[in-house]
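Residue numbers (our numbering), protein chains in the order written: chain E, 1 to 400; chain P, 401 to 658.
I should point out that these hints are in silico values taken from the structure, not numbers from a laboratory. Any given hint could turn out to be false.
Beta-carbon label-pair distances, calculated as ranges [unchecked claim]:
{"#": "1", "chain 1": "P", "residue 1": "G511", "chain 2": "E", "residue 2": "N9", "range": "29 to 37 Å"}
{"#": "2", "chain 1": "E", "residue 1": "E5", "chain 2": "P", "residue 2": "K628", "range": "42 to 50 Å"}
{"#": "3", "chain 1": "P", "residue 1": "G426", "chain 2": "E", "residue 2": "V202", "range": "33 to 41 Å"}
{"#": "4", "chain 1": "P", "residue 1": "F429", "chain 2": "E", "residue 2": "I96", "range": "19 to 27 Å"}
When the alpha-carbon atoms are kept at most 30 Å apart in a straight line, the in silico DSSO-like pairs for lysine-lysine are as follows [unchecked claim]:
{"#": "5", "chain 1": "P", "residue 1": "K480", "chain 2": "P", "residue 2": "K501"}
{"#": "6", "chain 1": "E", "residue 1": "K194", "chain 2": "P", "residue 2": "K599"}
{"#": "7", "chain 1": "E", "residue 1": "K12", "chain 2": "P", "residue 2": "K473"}
{"#": "8", "chain 1": "P", "residue 1": "K480", "chain 2": "E", "residue 2": "K357"}
{"#": "9", "chain 1": "P", "residue 1": "K584", "chain 2": "E", "residue 2": "K12"}
{"#": "10", "chain 1": "P", "residue 1": "K474", "chain 2": "P", "residue 2": "K631"}
{"#": "11", "chain 1": "P", "residue 1": "K451", "chain 2": "E", "residue 2": "K194"}
{"#": "12", "chain 1": "P", "residue 1": "K584", "chain 2": "E", "residue 2": "K87"}
{"#": "13", "chain 1": "P", "residue 1": "K501", "chain 2": "E", "residue 2": "K283"}
{"#": "14", "chain 1": "P", "residue 1": "K461", "chain 2": "P", "residue 2": "K584"}
{"#": "15", "chain 1": "P", "residue 1": "K451", "chain 2": "E", "residue 2": "K357"}
{"#": "16", "chain 1": "P", "residue 1": "K480", "chain 2": "E", "residue 2": "K87"}
{"#": "17", "chain 1": "P", "residue 1": "K584", "chain 2": "E", "residue 2": "K194"}
{"#": "18", "chain 1": "P", "residue 1": "K599", "chain 2": "P", "residue 2": "K584"}
{"#": "19", "chain 1": "E", "residue 1": "K12", "chain 2": "P", "residue 2": "K501"}
{"#": "20", "chain 1": "P", "residue 1": "K480", "chain 2": "E", "residue 2": "K12"}
{"#": "21", "chain 1": "P", "residue 1": "K599", "chain 2": "P", "residue 2": "K628"}
Just so it is clear, CB atoms sit at the ideal spot from N, CA and C, and this is done for glycine as well.
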Amino acid sequence: MERFESLYNALKHLDGYIFPNEIALNWDLLIVMYPYITGLVAGAFILASLNRVFKIKALQPTYTLSLLTALSFMLVATMPLITHLGKPERFYEMLITPHLTSAMAIFGFVYLWYLMVVLLLEIWFDYRYDMVIWSHEKKGLMRFVYKALTLWVSDTSEKSRKTDDKLGYFITVVGIPSAFLLHGYVGFIFGSIKANPWWSTVMMPVIFLFSAMVSGIALVLFIYMVISYLRKQKTDILCLDTITKFLFYILIIDFTLESLDQIHRIYVADESFDILQILVRGKLFVTFFILQIGIGTLLPLGVLGYLQFKKPKEKVRKVIYFLISICVLVGIFFMRWNVVIGGQLFSKSFYGFTSYKVDLIGGRDVILSLTWFIVPFIILTFLLWLLPPWKKHHDSIIEN
Amino acid sequence: MGIKKEKKENVSRRDFFLKSGAIAGGVVFVSLLDPLKAVFAVKEPKDKRKKWYGIGIDIEKCIGCASCARACKKENDVPKEPFFFRNWVEQYTITNEGDIKVISPNGGIDGYKQTVPEANIYKTFFVPKMCNHCAKSPCTQVCPVGASFESEEGLALVDQSYCIGCGYCVQACPYGCRYIHPDKGVVDKCTLCYHRLKKGLDPACMMVCPTGARMYGDLHDKDSKLSKFIKDNNCVVLKPQLNTGAKLYYNALSQEVH
Chain E
1 MERFESLYNA LKHLDGYIFP NEIALNWDLL IVMYPYITGL VAGAFILASL
51 NRVFKIKALQ PTYTLSLLTA LSFMLVATMP LITHLGKPER FYEMLITPHL
101 TSAMAIFGFV YLWYLMVVLL LEIWFDYRYD MVIWSHEKKG LMRFVYKALT
151 LWVSDTSEKS RKTDDKLGYF ITVVGIPSAF LLHGYVGFIF GSIKANPWWS
201 TVMMPVIFLF SAMVSGIALV LFIYMVISYL RKQKTDILCL DTITKFLFYI
251 LIIDFTLESL DQIHRIYVAD ESFDILQILV RGKLFVTFFI LQIGIGTLLP
301 LGVLGYLQFK KPKEKVRKVI YFLISICVLV GIFFMRWNVV IGGQLFSKSF
351 YGFTSYKVDL IGGRDVILSL TWFIVPFIIL TFLLWLLPPW KKHHDSIIEN
Chain P
401 MGIKKEKKEN VSRRDFFLKS GAIAGGVVFV SLLDPLKAVF AVKEPKDKRK
451 KWYGIGIDIE KCIGCASCAR ACKKENDVPK EPFFFRNWVE QYTITNEGDI
501 KVISPNGGID GYKQTVPEAN IYKTFFVPKM CNHCAKSPCT QVCPVGASFE
551 SEEGLALVDQ SYCIGCGYCV QACPYGCRYI HPDKGVVDKC TLCYHRLKKG
601 LDPACMMVCP TGARMYGDLH DKDSKLSKFI KDNNCVVLKP QLNTGAKLYY
651 NALSQEVH
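Bound-form chain E, shown alone (with noise of 0.2 Å):
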């Protein structure tokens, strides 16, 4: 009886008919950890992308931090599907014997051609002079690992380090697609399930793909913003009206397709209008209103908006800049809560709802997506340390 305490729970606070297997909602905050985690990592190597490809120097105090971001990220992504499974253990058959009519079969392969083609490699290409020479620099066990960080090609000639550049810059083209792959994918994973009307649309993947941008964007501005301060070093502030240009435009794609996609649903008005009318005034209120489209968009679209008219003085411009990327990081988050929890509330038999309860304390599913969310953290505190981008080489054959 213990042990379904929370299902009892529900069980009493059902609202209509819902299938009785519904009562338990299968996909908890750890599914929703998931694409938002995966969509950081999307969105920050963007940013990257923007600096890298389409030449935007002003991004260029950020360039190696989202890459970092992004592989940090990268490397937790598939934890919190796999800590869901009911036999973690297997998870390994999903790599060695896929399902290939599956979108969550598909996705790790498409992971692993993310972490390693591209983001492994571009930062090796972007930091490989720069190891060298901390090789050289250093003594004892942190030369052996710097070496064989470089794999042991200790080339620093004029040449070697175009060919860097050049195959860095190749794999960047090639990144852009790969990461709107990866993350149009976790988008179609939700956006093919036709037994869920709140998820099956076409628009689903490219709203995740947005968002996800969006995301990104708004988490290395703010673990930008962090760093300059723990390092006491200047934000440069051309490079945050910058980036916040950039994330105020994207967010206006984003609500726009958003929008687009919530307009669709209320003209066309099919069977699971009804439930799905009920679902979002109702059970995602708060959720849905108020901290997705409220703080997390139209607050941050709205100051941004006014920045771009009028630029009060640099200090208050990075108050703002903070909060707003808290903002849109919280905003983001509570979209995919709204996708991913929303769509189990209700019943697939359009008469009722189930209900669900976060275990602040105790609850497995918390503790865990907790530890999802900082690991990321530590790892990127981990990697500021091995390859700090302050220390790098500047790239003055590169820039010219």
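Dock chain P against chain E, hints included.
Here is chain P on its own, set in the frame of chain E:
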């Protein structure tokens, strides 16, 4: 002589590589194409002599005793808590004002208490639910490892020794027929009592039904009881718009039922 022989060997080695490469490539190509069939095509066997199971439920005969749900829990080791069911019975009540009320206390096992005053009832009826054993089952389509599969008799089954418990199939089933087994950590669902069918026995739910409201049979056999039931009653399936190829046929199904 030596040179000639060597040349010949070289050629044949190259031939060997070319041929094995072509074969390997061909196998890879076909294996890439083959799984896609599941996306497009009904997997009904071409050989019409083989059995192709379907299920029929005569709604007018169902008295809502839920013996089927009880028997199923017993036969298939389904947890007794009211959150896990391979089959259950719903009671629909439509009032004179057109309100729709649906209940299924503990899947019907706990009995039904009609709260709508009799004078206000427009109509009321029971709807037994179970796996539809769809021909184009969305649940087996999404399984990332292929642990959920369709048997050649047209039954959607799960290899529990292989299932990773991701719950994707639970989300994909439009009928709410799957659940994650709380002790096993893997998915569980109706198998139409496959273990009994193989021994020539009827599924537990069908065997215990006191009014004979449930039936199963071979859809290829046009003389079977099920085929006749479908023909005579203008049967329908649940959520036909989703094109799942559901093979659970109801007669006299009200449009309110989803």
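Hints versus structure:
| no. | hint | verdict |
| --- | --- | --- |
| 1 | P:G511 - E:N9: 29 to 37 Å | violated (23 Å) |
| 2 | E:E5 - P:K628: 42 to 50 Å | holds (49 Å) |
| 3 | P:G426 - E:V202: 33 to 41 Å | holds (34 Å) |
| 4 | P:F429 - E:I96: 19 to 27 Å | holds (20 Å) |
| 5 | P:K480 - P:K501 | holds (25 Å) |
| 6 | E:K194 - P:K599 | violated (36 Å) |
| 7 | E:K12 - P:K473 | holds (23 Å) |
| 8 | P:K480 - E:K357 | holds (23 Å) |
| 9 | P:K584 - E:K12 | holds (26 Å) |
| 10 | P:K474 - P:K631 | violated (33 Å) |
| 11 | P:K451 - E:K194 | holds (29 Å) |
| 12 | P:K584 - E:K87 | holds (9 Å) |
| 13 | P:K501 - E:K283 | holds (21 Å) |
| 14 | P:K461 - P:K584 | violated (36 Å) |
| 15 | P:K451 - E:K357 | violated (46 Å) |
| 16 | P:K480 - E:K87 | holds (22 Å) |
| 17 | P:K584 - E:K194 | holds (27 Å) |
| 18 | P:K599 - P:K584 | holds (26 Å) |
| 19 | E:K12 - P:K501 | holds (17 Å) |
| 20 | P:K480 - E:K12 | holds (18 Å) |
| 21 | P:K599 - P:K628 | holds (25 Å) |
Comparing the model with each numbered hint stated earlier shows that hints 1, 6, 10, 14, 15 do not hold.
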